[in-house]
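K.L.:
Spelled out, the chains give:
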Amino acid sequence: MNTGKEHHPSKKSTPAVESKGALLEIQDLHTHFHTPEGVVRALSGVDLRLNEGRTLGIVGESGCGKTVLALTILRLIPQPPGRIAKGKIFFQGVDLLSLDDKGIREIRGNKISMIFQEPMTSLNPVFTIGSQIEEVIALHQPHLATTRRQARDVTVQMLDMVGISSPGKRIDDYPHQLSGGMCQRIMIAMALACKPSLMIADEPTTALDVTTQAQILSLMKDLKDETGTSIILVTHDLGVVANSCDEVAVMYTGHVVEYAGIESIFASPLHPYTKGLMRSIPTIEARKRGEILHTIPGNVPMGKDVPQGCTFNNRCEEVMDICRKEYPPVFVPAEGHSVRCWRYRR
Amino acid sequence: MNPLLKIRGLKKTFPLTSGIFRKASGHITAVDGVDLDIFADETLGLVGESGCGKTTLSKIILALEEADAGSVLFDQTDIRKARGVELAKLRKGIQVVFQDPFGSLNPRKRVGSIIEEPMIIHNEGTKRERREKTRELMSMVGLHEDMLDRYPHEFSGGQRQRICIARALAVHPRLLICDEPVSALDVSIQAQVINLLVDLQKKLNLSYLFISHNLSVVGYISHRIAVMYKGRIVELSQADSLFSRPLHPYTKCLMEAVPEPVPGRAKGFGYVKKGEGGLSGSLTGCPYQPLCPQATELCSKESPRFEEKEQGHFVACHRAG
Ligand SMILES: Nc1ncnc2c1ncn2[C@@H]1O[C@H](COP(=O)(O)OP(=O)(O)OP(=O)(O)O)[C@@H](O)[C@H]1O
Ligand code: SF4
Ligand SMILES: [Mg+2]
Numbered sequence: 167m168n169t170g171k172e173h174h175p176s177k178k179s180t181p182a183v184e185s186k187g188a189l190l191e192i193q194d195l196h197t198h199f200h201t202p203e204g205v206v207r208a209l210s211g212v213d214l215r216l217n218e219g220r221t222l223g224i225v226g227e228s229g230c231g232k233t234v235l236a237l238t239i240l241r242l243i244p245q246p247p248g249r250i251a252k253g254k255i256f257f258q259g260v261d262l263l264s265l266d267d268k269g270i271r272e273i274r275g276n277k278i279s280m281i282f283q284e285p286m287t288s289l290n291p292v293f294t295i296g297s298q299i300e301e302v303i304a305l306h307q308p309h310l311a312t313t314r315r316q317a318r319d320v321t322v323q324m325l326d327m328v329g330i331s332s333p334g335k336r337i338d339d340y341p342h343q344l345s346g347g348m349c350q351r352i353m354i355a356m357a358l359a360c361k362p363s364l365m366i367a368d369e370p371t372t373a374l375d376v377t378t379q380a381q382i383l384s385l386m387k388d389l390k391d392e393t394g395t396s397i398i399l400v401t402h403d404l405g406v407v408a409n410s411c412d413e414v415a416v417m418y419t420g421h422v423v424e425y426a427g428i429e430s431i432f433a434s435p436l437h438p439y440t441k442g443l444m445r446s447i448p449t450i451e452a453r454k455r456g457e458i459l460h461t462i463p464g465n466v467p468m469g470k471d472v473p474q475g476c477t478f479n480n481r482c483e484e485v486m487d488i489c490r491k492e493y494p495p496v497f498v499p500a501e502g503h504s505v506r507c508w509r510y511r512r
Numbered sequence: 469m470n471p472l473l474k475i476r477g478l479k480k481t482f483p484l485t486s487g488i489f490r491k492a493s494g495h496i497t498a499v500d501g502v503d504l505d506i507f508a509d510e511t512l513g514l515v516g517e518s519g520c521g522k523t524t525l526s527k528i529i530l531a532l533e534e535a536d537a538g539s540v541l542f543d544q545t546d547i548r549k550a551r552g553v554e555l556a557k558l559r560k561g562i563q564v565v566f567q568d569p570f571g572s573l574n575p576r577k578r579v580g581s582i583i584e585e586p587m588i589i590h591n592e593g594t595k596r597e598r599r600e601k602t603r604e605l606m607s608m609v610g611l612h613e614d615m616l617d618r619y620p621h622e623f624s625g626g627q628r629q630r631i632c633i634a635r636a637l638a639v640h641p642r643l644l645i646c647d648e649p650v651s652a653l654d655v656s657i658q659a660q661v662i663n664l665l666v667d668l669q670k671k672l673n674l675s676y677l678f679i680s681h682n683l684s685v686v687g688y689i690s691h692r693i694a695v696m697y698k699g700r701i702v703e704l705s706q707a708d709s710l711f712s713r714p715l716h717p718y719t720k721c722l723m724e725a726v727p728e729p730v731p732g733r734a735k736g737f738g739y740v741k742k743g744e745g746g747l748s749g750s751l752t753g754c755p756y757q758p759l760c761p762q763a764t765e766l767c768s769k770e771s772p773r774f775e776e777k778e779q780g781h782f783v784a785c786h787r788a789g
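Protein chains in written order, with the working numbering: chain A, 167 to 512; chain B, 469 to 789.
Chain B on its own, in the form it takes in the complex (with noise of 0.2 Å):
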């Protein structure tokens, strides 16, 4: 089966400057060497701390940020060198929510058009079949059709991230990708919010990237996980795997730091080291060497490969079994 999605190497790089003049004193790579797949239906989720390329990543997918190298294959045709006409059907078949509900939605402009844009953008429908959609989005994502002529600052945040959701929909994507979607919400309203896009998915078909740091949240509604650290897929697999057996150093550190509801369980923090840790400089070896507790010489001098250990689970370190 062809995936939907076909990441291959996928490279981008910032400059990085630094004084008042802003000088650039080297560069910083976002995105080093990205392979990914994501299939029809899946949700894939992708876990790494702030800064690790998670969203240089979704940006480049959404044709929003240039590549320096490698290839994003949508359905087969690659986003970096499609243009005109093409672009935008590929634009129309990715969507994205954002974490921030309150940022990306225009407070001046009433929710009713907010969701009806993408539609009028990709010149969709007449004017009334365009209102009859958002209707029937509005109670797709469970707002009242009422609310059609209220401003965004009357909702909550979790009514604001539906609106953010209908609005992607609007023009049936294929992908939605989801960048830290619940990460602002409060746990109850939270909890909403994942029970609808599960709903979604298998209304509709979708396949979601879903981006954020929290590990139960990616752990609840993703079917294969990709963990990212300094910009590299450390380690790939099935969910339920990766959170019974995660192979990577990395991988165990962030399942050790995740507080468990659970009191008296108490964490020995073997691998979650004290100390803020390295800033990234020009590193020969594997980008966790400088953190990792299973390091050994070989970690310093040479990148491990990213290799199948076992059936569907990728791993990037020379330690792992």
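Just chain A, with the same shape it has in the complex (with noise of 0.2 Å):
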């Protein structure tokens, strides 16, 4: 699997523990990278909260820091130029940020595991598929695989189960000789291997066709509902997120600015930047109607380029003079849904 540098920010010997329930709970998290045009707040102050079973989708445009809330959450960030800066990531109680680089790693990978969007690099490719998996399974389930027989059983049966025919066969392979699609059920196959808690998947299928991501999609949601894994699921594609996640947070500019349950969100969106991105998708409908597509206005702000106060008040049809002065805390309009925006305090 990934092996990428240690990081810990605070070295405490006792983990602290927070309240019950949830299996994730990320408390004011701040990731910053020191560049030479200046400090990038790639996260600034986000909170999230993930129960046992379920999906929680994360959405938002390239560069709102999708990639690094995952990064940071097993402590992948690389450093320097990366820093996580403040916060608390508790998973089943303890705080990750708190952990040695032996207690972070045997996390990863063990109780979280992780796929990149790139399938074909995240594999090594001088390897066999067959021994790639079952490295996985050696280092994090050695008691499923005594043997060298043992461990090729399992690995079939694993292949087998994430929907590769003739598994027998395809073991033996090179991840060259597979398709897109096909390498990102070996991912997934391997991220499996060590019965994880939570699976993390950064936009494991913005590289694949609408069939082939269909069918991870749906594979991803039965193994789901037979291991009871708990999966972070990183898109910018909101129909993906109308199919599977249970939970939806929408990041901008390093903040979570909308966070509710699916039916919610989509039935009455609050953030104008979460309208603005609904009803941006095109469709037929609209062009039946002979409508133009509704756009937001400028680009996605980066490094200086961010406005004071809130951060898409330059972008904003509803922006207000406070807007530009402050930026919004939590409100909690209804029950589970809470935005950032000024526009809800009451």
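FYI, nobody ran anything at the bench for these hints, they're computed from the structure.
Treat each hint with caution, since some may be false.
[To be verified] What follows is a list of derived Cβ distance ranges for each label pair: (1) 451(A) x 577(B): 35 to 43 Å; (2) 331(A) x 612(B): 32 to 40 Å; (3) 249(A) x 621(B): 24 to 32 Å.
We put the CB at the ideal spot given by N, CA and C, even for glycine.
Please assemble the complex out of the two chains, which come individually in their own frames, going by the hints.
P.N.:
Here's what the structure looks like:
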């Protein structure tokens, strides 16, 4: 699996403990990158919560911090230039940021696994897919594979489970012999080999055709139902969210600007950015009505272009005076539906 | 009415190599007997999964790739036979915008010269006139004229795609091939570029061949849509009737696979088969037969003809109503 550098912003000997119920609870998380052009606040105060057996979608446009969030949870941020500046990440009650290298390595791959966007580049080209999966099993589930023979059998089973046909033959293939969709199935097989409590998938289907995407998403859903694994699904596609997630967090410039159950967010999006995103999706109905597509003016601001106050104020149709002065706190206009926008101040 | 572009019986095969010694192990048919028309002021959408032959088809139209058989008539002149001045004229009339606005712009050139370049290639105007035209193009695609002297890396993805569009329009083409022009862009930026393309079409009387794997984008922008599968056009119709009444099982599969931004609209995935699907081999029957839930004996034996099943709605399927 992945081996990144270890980071430990604070090395406490006894991990802090938080409230019960949530599998993952993130509090006021800040990750910064120190670049020649200045400090990039890739995450600037993220709060999130994920319960057991749920799928949380993270959506937002390029550069909003989705991948950095995923990497921060696993403490895989390259350092330097990156730094987890502040915050807490409680996973099963333990603050991941308080763990030492050994502690986080045990979590990674055993309890939390990750799938990346580019399946081809995440597999090692010089080893057969079988040997790569066997290695993961040997590392994380040694009791399942005490002999070579056993390891191979378990691997064939896993390939079969993720829908690879004739797995007994495919096991000896090299990554380049497989299509993108097949590689992604294998990444899923590897991610599941350690029976994780949480699987983080960063744009797992973005590089794939729609039909293959539909297969991979339904595969992930089936496996989740079988194993009870919770999933964080990073995507920029609201259609994928609607079809695969229970809750969704919308990110913009390193903040979670809206968080809700999917029924609620699609029925009544609150944040002007979320509303804009939803109205920008082209449909054949819109064309029949002769509608011009709704657009959000301008671009996603980066670095020093990020405005003061609400970071969306330079693109927002509903901007008010206060929006230019102060960043909005979290408002909760409906139960389970929170938003960072001054419009919802009571 | 004569079509602006008329493609008949177009075929292109590539040798397939395998192993470290690159031994030829057969061939793959990227474009397999394609017939298509694009009319003036029309947007023809072309959808299909990666590797189905969309880009090869567009390269043949652009005379960047040699076909093995068939004809491509642009304004009644065959691109495959044209040479010299005649070919240069055809090339001017057909321009292209690619998916990757990063890769297709020279990073060492200023935006002004990038946009001006096609005019130089086609020997248009004086230096002054070209500069003037460049400014005009920039404002037409919604870029500030002051940005003329900047380099591509100083622009966002959406702005770079605008630069590509401006460059493509510099020599007054009549057909613009858009090969996944918005696929690399975020939704809000994608919408800006789509609106720009729609607007330019009206202003400049352009025809578009709009290639994309994104059905909702294609559905929004196209007048007619062609669905391609393994090198063949399997369905072709008005956009509305394709969406309301898809006839080919592959088209139905595509429509089912698109995740709609509506929660709870659970997908049956009846057409989207589990498993990775068959790789193309030498097939006698319908190319979709190995995956098709509606396939019968006949489908594995005989290749279905591309026929008009309803007014203006063509399909190549033995089972289509
Ligand atoms: N190694 C790095 N060095 C400097 N800045 C970085 C680094 N990695 C990420 N960033 C910055 O952090 C911010 C968030 O990036 P991130 O990759 O998380 O975005 P994303 O939401 O995943 O976007 P995408 O949809 O394009 O994948 C961006 O401004 C990015 O430029
Ligand atoms: S806080 Fe103000 S600027 Fe920000 S999204 Fe809300 S209304 Fe718009
Ligand atoms: Mg990312």
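K.L.:
The structure should be examined with respect to each hint, and the outcome stated for every one.
P.N.:
Checked hints:
{"no.": "1", "hint": "451(A) x 577(B): 35 to 43 Å", "result": "holds (42 Å)"}
{"no.": "2", "hint": "331(A) x 612(B): 32 to 40 Å", "result": "violated (54 Å)"}
{"no.": "3", "hint": "249(A) x 621(B): 24 to 32 Å", "result": "holds (26 Å)"}
Hint 2 from the list above is the single one not met by this structure.
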